[in-house]
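Peer 1: Anchor point for the sequence shown: position 406 equals 410 in this note's numbering, and the numbering is continuous, going up by one each time.
Misleading hints may appear alongside valid ones.
Think about it this way: if two alpha-carbon atoms lie no more than 30 Å apart in a straight line, the pair counts; the simulated BS3-like pairs of lysine-lysine are [as the list claims (entries may be wrong)]:
{"no.": "1", "residue 1": "Lys174", "residue 2": "Lys63"}
{"no.": "2", "residue 1": "Lys539", "residue 2": "Lys586"}
{"no.": "3", "residue 1": "Lys231", "residue 2": "Lys59"}
{"no.": "4", "residue 1": "Lys46", "residue 2": "Lys231"}
{"no.": "5", "residue 1": "Lys575", "residue 2": "Lys586"}
{"no.": "6", "residue 1": "Lys659", "residue 2": "Lys152"}
{"no.": "7", "residue 1": "Lys582", "residue 2": "Lys639"}
{"no.": "8", "residue 1": "Lys435", "residue 2": "Lys63"}
Don't read these hints as lab results, they were simulated from the structure.
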Amino acid sequence: MAGFFVTASLSHHLFSIWEKKGIWIILDFLLLTPLTAWIFSKLSPRFSSAFQRMKSKQKLFLSSAFVLGSFAAFLSFRAPISYQTITITPQIAQSQRVELLEIKVGGDVLPVEPQAMENGWSLKDSVLSANRDSQSLQMTFQGKVNAKITVLFNSSPEGGKVLLSYGNQKEIVDLSSPALQQRLITLHCNYRSISRWLFIPFLAIADIFSFSLLFLLIFLLQEEGQKHLIEDPHERFPSQRASITILIVLACLLHLLNALAVPLIVSSDSPHYLQGAVHLLKYGNFDGVSLFCGPGTTFFFAPVLLLFGRNPWGMKLFLHLIAIACVLLAYRLGWQLSKKRWVAFCIGFATMLLPDLYYYSNFIMSDLINIFLVMLFTSLLLEASEKYSFVHVLLPLLVASFATLLRAENLLLLPIGVVYLGFQPGMDWLKVNMHKKNAQPQSHNARSLTILFLALLISLLPLLWWSCKNLQLNGYFGVRNSGGTVLYDGWVYYAEASGIDFQDDDSPAVQEIEHWIDIYPIEDTEKENVATGGKIYPSLIKAGHSPQEAFDLLEQAALDSIKANYRWIPKIVELKLKDAFKPRIYHMFTYPLDGESTQPAEVYAKFFDTNNVTVPFLINTQRAFYEIFQNHLAKIYRFFTLFALVAALFSLYRKPFLQWFTLVVIVLTRIFISNLISIAMWRYTMAGIVFLVVFGLIGSAVLIYGIQDILTQKKGSNE
5 MAGFFVTASL SHHLFSIWEK KGIWIILDFL LLTPLTAWIF SKLSPRFSSA
55 FQRMKSKQKL FLSSAFVLGS FAAFLSFRAP ISYQTITITP QIAQSQRVEL
105 LEIKVGGDVL PVEPQAMENG WSLKDSVLSA NRDSQSLQMT FQGKVNAKIT
155 VLFNSSPEGG KVLLSYGNQK EIVDLSSPAL QQRLITLHCN YRSISRWLFI
205 PFLAIADIFS FSLLFLLIFL LQEEGQKHLI EDPHERFPSQ RASITILIVL
255 ACLLHLLNAL AVPLIVSSDS PHYLQGAVHL LKYGNFDGVS LFCGPGTTFF
305 FAPVLLLFGR NPWGMKLFLH LIAIACVLLA YRLGWQLSKK RWVAFCIGFA
355 TMLLPDLYYY SNFIMSDLIN IFLVMLFTSL LLEASEKYSF VHVLLPLLVA
405 SFATLLRAEN LLLLPIGVVY LGFQPGMDWL KVNMHKKNAQ PQSHNARSLT
455 ILFLALLISL LPLLWWSCKN LQLNGYFGVR NSGGTVLYDG WVYYAEASGI
505 DFQDDDSPAV QEIEHWIDIY PIEDTEKENV ATGGKIYPSL IKAGHSPQEA
555 FDLLEQAALD SIKANYRWIP KIVELKLKDA FKPRIYHMFT YPLDGESTQP
605 AEVYAKFFDT NNVTVPFLIN TQRAFYEIFQ NHLAKIYRFF TLFALVAALF
655 SLYRKPFLQW FTLVVIVLTR IFISNLISIA MWRYTMAGIV FLVVFGLIGS
705 AVLIYGIQDI LTQKKGSNE
């Protein structure tokens with residue numbers, strides 16, 4: 005039976021077997037069902053013995069596998085397409101008639117006019133009429149199983165009767181009525197001669213069983229394989245020093261080739277990240293930091309501009325070095341989590357090949373620095389949990405604080421770090437106070453919590469400094485107050501640009517914004533004549549609003565629109581999730597070839613001098629890569645991202661739970677908070693891409709180890 009259900013599910017999703025001819029369906033089950041049954045008979049004893057060894061987790065694995073399997077079956081459910089035949093036979097007297105308006109299948113109108121007219125029906129004003137001489141109208145068409153079939157007639161005092169035949173169903177419909185009105189008959193597509201009430205549950209059960217079995221096997225393999233995530237002094241792989249050297253050499257080479265092919269990219273958003281550094285070098289203070297971002301990039305970019313001035317190669321060199329540092333941090337994270345040199349090297353190597361690291365190495369934004377800081381925070385956090393000292397605890401919290409000055413959503417890193425480092429000492433302290441055994445000494449717990457508290461206080465100082473600076477300059481106390489533009493962009497602008505009428509025109513905030521836009525028109529809009537909050541902001545400032553009032557007005561407009569159009573929220577979230585996982589390179593620039601002319605944008609010329617490099621082979625290679633990425637690699641990239649996201653969720657069942665749970669929280673907050681609150685785009689998903697590489701490759705390594713253990717153990721062994 006297991007082989008039958010698995011064959012039914014796999015054949016449906018892989019081969020669309022239910023849409024093939026009957027002979028192919030029979031052959032499929034005759035061949036694959038015995039094969040899957042034989043495979044189960046060989047592997048079942050090995051997996052059964054592994055399952056018996058996990059007595060404490062059997063219920064957890066079974067229930068989780070069923071829940072996840074049901075969810076996966078729901079997401080992947082696809083009804084097969086089958087031929088349907090419906091026959092309409094008029095049964096009318098001399099003065100009666102039958103009027104057919106339309107037939108719809110799954111919401112689409114079925115073209116019936118040509119065949120109806122061949123059978124003696126007449127067409128007038130888009131209405132098909134049958135008289136006594138008209139023949140039966142038989143329509144054969146394709147429809148998804150369980151899709152609605154609607155037949156719409158006119159009923160009137162002159163209406164006759166029709167015999168409606170569909171499969172084994174026959175129904176006589178009386179179309180006579182005192183007044184002219186419409187009569188709707190609703191049917192549902194079956195699978196050939198099998199009722200949908202039998203076929204759809206069969207498909208659902210087969211999918212739930214197959215997916216649940218798959219997830220249960222993954223749980224078993226992971227439980228077996230995670231035992232190998234320990235350091236092996238006899239591991240046959242180059243040393244850490246050799247691995248790191250190889251990664252550095254390869255990364256430097258690839259980034260050099262990329263730097264010689266792609267110019268420095270300065271977009272309309274880049275000045276927000278540069279203006280603070282320029283102002284600092286000119287006036288010696290932070291008064292020029294943009295309201296739309298924190299001072300984080302100012303600290304990074306100011307030294308580069310000081311040393312290189314308007315030469316773009318200084319900024320390119322700095323960003324490429326940050327990308328190379330991300331490769332090394334990925335290796336370090338891989339080693340910390342797997343304790344395997346080969347796994348760490350694979351993670352570093354895969355990170356080195358990520359297209360986004362090269363793209364943002366030539367693009368002045370905060371994204372690459374953000375990835376670096378969050379990875380550094382995570383690596384230092386893992387180290388602090390092993391070496392619990394004041395310095396080790398302080399370092400990740402300071403990095404989290406500095407990352408918050410870069411991007412406001414990183415404020416979550418501080419509580420994540422505090423909870424992770426304080427959970428075990430806090431639990432031990434509670435055990436001692438509740439007179440439980442096997443607890444650490446009271447003095448040790450108190451010392452650990454004191455260290456954490458002092459480190460937290462010190463790490464908050466940069467945030468307090470910048471909050472006070474904002475109070476002095478902008479009249480508010482906090483890290484950033486432009487959240488109103490983010491919310492407006494993420495819901496009003498995003499929905500309107502996606503073709504959804506989401507803006508609440510009755511909102512006083514929306515009306516005030518529209519009023520000031522009419523007086524102070526927006527210079528340009530992004531697309532579909534819809535303006536972002538950042539484009540609206542200057543109009544509000546010209547109208548006399550303070551920055552805080554402008555942000556509050558945009559936020560209120562967004563909140564009013566969300567409240568008024570809450571029914572659209574599921575649709576918008578669905579669109580956001582689709583757009584968030586579409587890999588994209590936004591600027592496909594290269595240096596010009598000989599004979600090509602380029603004019604630097606005004607925003608570029610404001611900060612940097614033009615400095616072109618012409619290496620035809622590298623430029624043509626880069627352009628070819630852009631084309632390959634758009635046509636092929638983006639799909640592979642997306643698949644790997646989704647696979648790694650699933651691997652991250654499965655890591656929650658791995659030991660130690662607190663460590664993996666913390667990492668999952670970090671990666672999920674990187675990806676989903678910005679995408680759900682602001683405009684959904686790959687740029688925000690990319691913030692967690694290196695972590696997904698770590699999860700995906702460690703998860704794959706664990707499964708490989710688990711498969712090795714299952715296949716090499718003695719049959720029926722419970723050891």
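Peer 1: Now tell me if each hint is right for this structure.
Peer 2: Hint check results:
Simply put, Lys174 and Lys63 have alpha-carbon atoms about 49 Å apart, too far for the 30 Å limit, and the pair is violated. The hinted pair formed by Lys539 and Lys586 meets the criterion: a straight-line CA distance of about 25 Å does not exceed 30 Å. A C-alpha spacing of about 16 Å is found between Lys231 and Lys59, which places the hinted pair at or below 30 Å, so the restraint holds. Between Lys46 and Lys231 the alpha-carbon distance is near 24 Å, which keeps this suggested pair within the 30 Å criterion.
Of the supplied pair hints, the one linking Lys575 and Lys586 holds, its CA atoms being roughly 17 Å apart against a limit of 30 Å. Between Lys659 and Lys152 the CA atoms are separated by roughly 49 Å; this puts the pair beyond 30 Å, and the hint is violated. Straight-line distance between C-alpha atoms of Lys582 and Lys639 comes to about 13 Å, which keeps the hinted pair within the 30 Å bound. In summary, the hint linking Lys435 to Lys63 is supported, as the alpha carbons are separated by about 28 Å, within the 30 Å threshold.
When each numbered hint is compared with the structure, violations occur for hints 1 and 6.
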